[in-house]
Amino acid sequence: MSHQSISQRLKELGITLPEPPKPLASYVPAVTAGRYCYTSGQLPLRDGTLVAEGRVGDRVTIAEAQEAARQSCLNAIAVAAQVAGGVDRLGRVVKVVGFVQSTEDFHQQPQVVNGASNLLQEIFGDQGQHARSAVGTNALPMNASVEIEIIFELVE
Amino acid sequence: MSHQSISQRLKELGITLPEPPKPLASYVPAVTAGRYCYTSGQLPLRDGTLVAEGRVGDRVTIAEAQEAARQSCLNAIAVAAQVAGGVDRLGRVVKVVGFVQSTEDFHQQPQVVNGASNLLQEIFGDQGQHARSAVGTNALPMNASVEIEIIFELVE
Amino acid sequence: MSHQSISQRLKELGITLPEPPKPLASYVPAVTAGRYCYTSGQLPLRDGTLVAEGRVGDRVTIAEAQEAARQSCLNAIAVAAQVAGGVDRLGRVVKVVGFVQSTEDFHQQPQVVNGASNLLQEIFGDQGQHARSAVGTNALPMNASVEIEIIFELVE
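Chains as they are written, first to last, in our numbering: chain A, 24 to 179; chain B, 24 to 179; chain C, 24 to 179.
Chain A on its own, in the form it takes in the complex (with noise of 0.2 Å):
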């Protein structure tokens, strides 16, 4: 993978960035800070409607959960592509979020948040190898299942 873009990756991978969400308020989706780029949380949303509503434990199954993780980890490499200027300009993946909405008994956050870590090896290899947290919450935003916020570091 050294030698290899990350536009190249997502294209040897059948990946296409979605649109970039848009905020759902007053606040933008992505900003750069330095050699730093902080995303918004997102939530997995796909073409408009979210891949999983409710919390996790209860109507929502884990495999159902990962996939909301995944595509909250795809519109949240969108944006971040968006404002640090295309994909490429993404190098490490320094740091995950994931707040998944989740029943008082359910403890597999870890399990759901790897729906976003494992796409992020996917497509960045070693340089998406990031620290992250998983928690769980009791309620989140449009009802989704999961939040996911990255900090991306920029190629210089």
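Since the hints were made in silico from the structure, they are not lab data. Among the hints, a few may not be true.
To be verified - In silico SDA-like links for lysine to any residue, alpha-carbon gap of 25 Å or less: (1) C:Lys-45 x A:Lys-45; (2) B:Lys-45 x C:Gln-144; (3) A:Lys-45 x B:Gln-144.
Position chains B and C against the provided structure of chain A, taking the given hints into account.
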């Protein structure tokens, strides 16, 4: 706004920054690191009293929670200004995280956290455009309805 | 403390850093980026067992949760030291986020997270003064009572 300082802008808006609230425990209200300033999570305290208490979607309305988000944000600006050496040393707003104490079926956390985001845009203009995560939670310190943390980039 | 290294300070305090816990999934325990080190969210694991399990305000006492916060913090220091090239490369503690698994009517998250903050101050002295957010949550991985993540500034 480009040639106006933040302190002038605050005066023009008729906004007086509050006395920085004391931290509740063994940490400090804000820290500068390199060109960034990280605030501690700020509660909606005004003159020592919470602007809104309890969960949103239940006894607390969206309008009340927005006011709480605005107050938390004011407190965050105040503590950042204190450690940065004045409000005019605060440049770009990089990231806001808003935790909203929510009932399980309340999903409008973004609207609540707009109370903070709108204030940042009012005060900082284009520099106030930030990345943001808004999440729900079942419990917050002191039973506050909102907790807000901010990362600022400092003026060099 | 000014002329004492962190490793000397740990020895003086009789604190041995734990073996860095393995991550639960497809990510790494900590990442360095520029002059910063971001840890993954750390659970209160000691020799593979959780120090405190379940929600605070119910079956878990504040004292037990503080001990869990302390253990999570020790684990965070251990993983940061590992990727940074030794504990003496950890400089200023910039930011701590503490998630506390809470009942709806438990509002003393700051007191719980003091278990981490106090340890940081004990070990790092003035350099241990950090910004912090303490929030409640209804569910955490493995049913842990506490999850702690830290940003350190590295010694140049």
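Consistency of the hints with the structure:
| no. | hint | result |
| --- | --- | --- |
| 1 | C:Lys-45 x A:Lys-45 | 37 Å, violated |
| 2 | B:Lys-45 x C:Gln-144 | 18 Å, holds |
| 3 | A:Lys-45 x B:Gln-144 | 18 Å, holds |
Checked against the numbered hints above, the structure breaks only hint 1 and satisfies the rest.
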